[in-house]
Amino acid sequence: MPTPYLALALAGPHLLELTGDPALLARWDDLPVAFTVLGIDRIDASSPAATTLDASSVGAALAGRTARGRFLVAASPQRDHPYNLARRVASLGHLSGGRSGVLLGTADAYAPPGPEGAEAWGGAGLGVGAPLTEATAHDAGRAVRKLEQTWPYDAIVGDRAAKILVQSGRIVHADHEGAYSIAGPLNAPEPATGASVVGWLASASTVGPAAAPDPVFDLVLGPDGPVAVVPLGDELPDGVDGIVLRPSADQSVAELLDTATRLLADGLRPVEPGGPLRAALGLAAAAPLPSTSRAAFPVPQPQQSL
Amino acid sequence: MTDRRPGHVLLGINVLVLGYLPAAWQSPLLKKDSFVDPGYWAEIGRTAERGTLDAIFLADGPLLTDPAYDANPVRLEPTVNWGQVAAVTEHVGLVATASTTFNDPFELAERLLSWDNLTGGRAAWNLVTTRGAAAARNFGLPDVPLREDRYERASEFVDVVRALWASAATGDEVRHHGEFFDVEGRLRVPPSRQGHPVLFQAGGSPKGRALAGRVAEGVFAAELTKDQAIEHYRLVKRLARDNGRSPDEVKILPGLLLSLGSTEDEARRRSDELHDAGPASYSLQWLSQAIGYDASKLELDEPFPEDVLAAPSDPQTFQGSLGFRESIVAQIRRTKPTVREYLKQTRYTGSGHAGFVGTPEQLADHIEDWFHSGAIDGFNLQPDVLVDGLPVIADELVPILRKRGLYRHEYETDTLRGHLLAGSPTPSPETL
Ligand SMILES: Cc1cc2nc3c(=O)[nH]c(=O)nc-3n(C[C@H](O)[C@H](O)[C@H](O)COP(=O)(O)O)c2cc1C
Numbered sequence: 120m121p122t123p124y125l126a127l128a129l130a131g132p133h134l135l136e137l138t139g140d141p142a143l144l145a146r147w148d149d150l151p152v153a154f155t156v157l158g159i160d161r162i163d164a165s166s167p168a169a170t171t172l173d174a175s176s177v178g179a180a181l182a183g184r185t186a187r188g189r190f191l192v193a194a195s196p197q198r199d200h201p202y203n204l205a206r207r208v209a210s211l212g213h214l215s216g217g218r219s220g221v222l223l224g225t226a227d228a229y230a231p232p233g234p235e236g237a238e239a240w241g242g243a244g245l246g247v248g249a250p251l252t253e254a255t256a257h258d259a260g261r262a263v264r265k266l267e268q269t270w271p272y273d274a275i276v277g278d279r280a281a282k283i284l285v286q287s288g289r290i291v292h293a294d295h296e297g298a299y300s301i302a303g304p305l306n307a308p309e310p311a312t313g314a315s316v317v318g319w320l321a322s323a324s325t326v327g328p329a330a331a332p333d334p335v336f337d338l339v340l341g342p343d344g345p346v347a348v349v350p351l352g353d354e355l356p357d358g359v360d361g362i363v364l365r366p367s368a369d370q371s372v373a374e375l376l377d378t379a380t381r382l383l384a385d386g387l388r389p390v391e392p393g394g395p396l397r398a399a400l401g402l403a404a405a406a407p408l409p410s411t412s413r414a415a416f417p418v419p420q421p422q423q424s425l
Numbered sequence: 002m003t004d005r006r007p008g009h010v011l012l013g014i015n016v017l018v019l020g021y022l023p024a025a026w027q028s029p030l031l032k033k034d035s036f037v038d039p040g041y042w043a044e045i046g047r048t049a050e051r052g053t054l055d056a057i058f059l060a061d062g063p064l065l066t067d068p069a070y071d072a073n074p075v076r077l078e079p080t081v082n083w084g085q086v087a088a089v090t091e092h093v094g095l096v097a098t099a100s101t102t103f104n105d106p107f108e109l110a111e112r113l114l115s116w117d118n119l120t121g122g123r124a125a126w127n128l129v130t131t132r133g134a135a136a137a138r139n140f141g142l143p144d145v146p147l148r149e150d151r152y153e154r155a156s157e158f159v160d161v162v163r164a165l166w167a168s169a170a171t172g173d174e175v176r177h178h179g180e181f182f183d184v185e186g187r188l189r190v191p192p193s194r195q196g197h198p199v200l201f202q203a204g205g206s207p208k209g210r211a212l213a214g215r216v217a218e219g220v221f222a223a224e225l226t227k228d229q230a231i232e233h234y235r236l237v238k239r240l241a242r243d244n245g246r247s248p249d250e251v252k253i254l255p256g257l258l259l260s261l262g263s264t265e266d267e268a269r270r271r272s273d274e275l276h277d278a279g280p281a282s283y284s285l286q287w288l289s290q291a292i293g294y295d296a297s298k299l300e301l302d303e304p305f306p307e308d309v310l311a312a313p314s315d316p317q318t319f320q321g322s323l324g325f326r327e328s329i330v331a332q333i334r335r336t337k338p339t340v341r342e343y344l345k346q347t348r349y350t351g352s353g354h355a356g357f358v359g360t361p362e363q364l365a366d367h368i369e370d371w372f373h374s375g376a377i378d379g380f381n382l383q384p385d386v387l388v389d390g391l392p393v394i395a396d397e398l399v400p401i402l403r404k405r406g407l408y409r410h411e412y413e414t415d416t417l418r419g420h421l422l423a424g425s426p427t428p429s430p431e432t433l
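These protein sequence lines map, in sequence, to chains A and B.
Under this note's numbering, the first residue of the first sequence carries the number 120, and numbering increases by one thereafter.
Under this note's numbering, the first residue of the second sequence carries the number 2, and numbering increases by one thereafter.
So here's chain A without its partners, still in its complex pose:
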């Protein structure tokens, strides 16, 4: 078993601490950890902390303020919709140079429950929604992945002679049918670095057998997973691919970074900061959409001037 890599997980108050302190942010940006989960307490069945920030907003700030740190934004289908989520995930992918991804869990600890039986997205009051289950969250993951792939990056051609910017005949509908029904396409291309990493946070508190993680997930975090979430200060487990250090709400980001620095010095595997998350984790490119997908637009024709 190779030495595990190190990753970090931040709860609500840590998001404010990190983004409020430029020196801490610079330290974070330089640390050779694989990634940092933004807002893990939103989806790990914790009680809500006193303060938090939306994870994609923090991701956007990190995309602009830092150059090398990689991150996963925590998300749940409770009050978010996969089309809206996929837009933010793809946008973060572009604006962070592929340093980003999304980590899905089932319930959102900070959000009020939705209507019974349609707790996932039912609160939007549009007469649609799904039960708030792992199966729904998995379907959200599949939909996000598919949507990101509806507009291949290399369809952007910028052909000045033909006056064609995008070979839009290659953009397809997602035609997703599951817990959600989503036509697509997404309104932004796939990031140049490929489809964003989509992770799953398996919860310790699931009642009954957990659904097998869907193959769409590039990465599974959890108590027994190959990537273990470990409370800051606890003994590190053996035989895992990666360790995600998770401070409690009353431990500080500074303490977390101190411990991470020490563990890396003591032999956990450093992952050089910078570059796309997918490459840093040694993940293969996402499987493409089926070639039978329905085209969204006609094949563009070379344009003449009037």
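Please keep in mind that the hints were generated in silico from the structure rather than gathered at the bench.
All C-beta atoms in this analysis are idealised placements derived from N, C-alpha and C, irrespective of residue type, glycine included.
A portion of the hints provided could be inaccurate.
Stated by the list, open to error - Examples of chain A residues lying across from chain B (beta carbon under 7 Å, computed):
(1) Thr170
(2) Ser175
(3) Gly183
(4) Arg198
(5) Asp199
(6) His213
(7) Leu214
(8) Ala243
(9) Val247
(10) Lys282
(11) Ser287
(12) Tyr299
(13) Pro419
(14) Gln423
Unchecked claim - Derived CB-CB ranges, DEER-like:
(15) B:Arg163 to A:Val339: 38 to 46 Å
(16) B:Lys345 to A:Gly297: 44 to 52 Å
(17) B:Glu267 to A:Gln423: 19 to 27 Å
(18) A:Ala311 to B:Pro191: 44 to 52 Å
Following the hints, complete the assembly by docking chain B with the ligand onto the known chain A.
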């Protein structure tokens, strides 16, 4: 109302991705994927800030139209897009459009306040109701437009969002049970430097204006003439006053499409070249819709055939405005242009926004005139191509306005709400 009005104008930029003209992407200053390049967006923010502009604005909708010939349909998600730009700027306001139809009010309230917090209180939400089946189909809704209760939903939505923002400051739980939403909870996101995001409303339908009068602190409008703009300006200010607000709490910024040059000739040449570089199919589509006849079937260098002018080919399915069609036909009958000549004369007049082609000096005259006439509090400027059009605004227009005492020299306020409230008060409020 030609008295000199005290105070300064507000200046925003409507960042229509690369520029409002479809050919913007062909600029030699851009890469083929500039519209998703963080460096491009950072430069937009920094240039706007160099001009001490009040705000930059992003339109939005959760759907894709065909981007074959034009970057305008591309939509990075606005809170993320402006979140990244906020990280590389300090003062400029950031306005993100988001739909009240295709969002959950709790999620959006939490995200907008988080984003506002991270920008240091420079964020605004431009609330729109989003029409159309293409967006609905991305949310599992049938292939028909939603019921026409978009504004009832929007009104309740905005009340829930504002209550949640208030809960972030007070810590009190919101207990909302309405027609569309049931929310019991509170936000744990700390208030921003300006408390919570500024609210904008875009558009000029009666229901849109009523909502703006009740809640909006800024209105983006589309105005073709100064007289109409004055009427609408006073109408919205009056609606604000009827809602127990000060008319100064809502700022009116119509859009203005721009092509600028150092001489009028140069500006005209720039506009012509950019139009010529655009896809001919756009003009043909516009004309087809306007007259109810497939214009691609017409001979470009012949006059319009009389049978095409006589009536819409199928009045039953004609979607356009009959009044608009009549005025087009009357003009064609009067001037007898070839199809090509007509398309060149009228290209892109369908957008509803006023256009301006000229020098920065002439633009300053135009802004000054509309400002002193009480038609605007400011303009939301829409350059033809941003990469070289925005620097002209920041480095040439703004200094002229400053010299005339119409614009500030430095940022004097540190939040977007502060920037807006520092704008000129409503002229003759007693006569509204
Ligand atoms: C300057 C301006 C900007 C607008 N921006 C958007 C936008 O970004 N997204 C959107 O869905 N609608 C946008 N609209 C459309 C309006 O919100 C509104 O839908 C439109 O004026 C039609 O009126 P109604 O929907 O109120 O009936 C905009 C309108 C104007 C005038």
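Hints violated by the structure (listed by number, smallest first) = Hint check: 18 fails alone, others pass.
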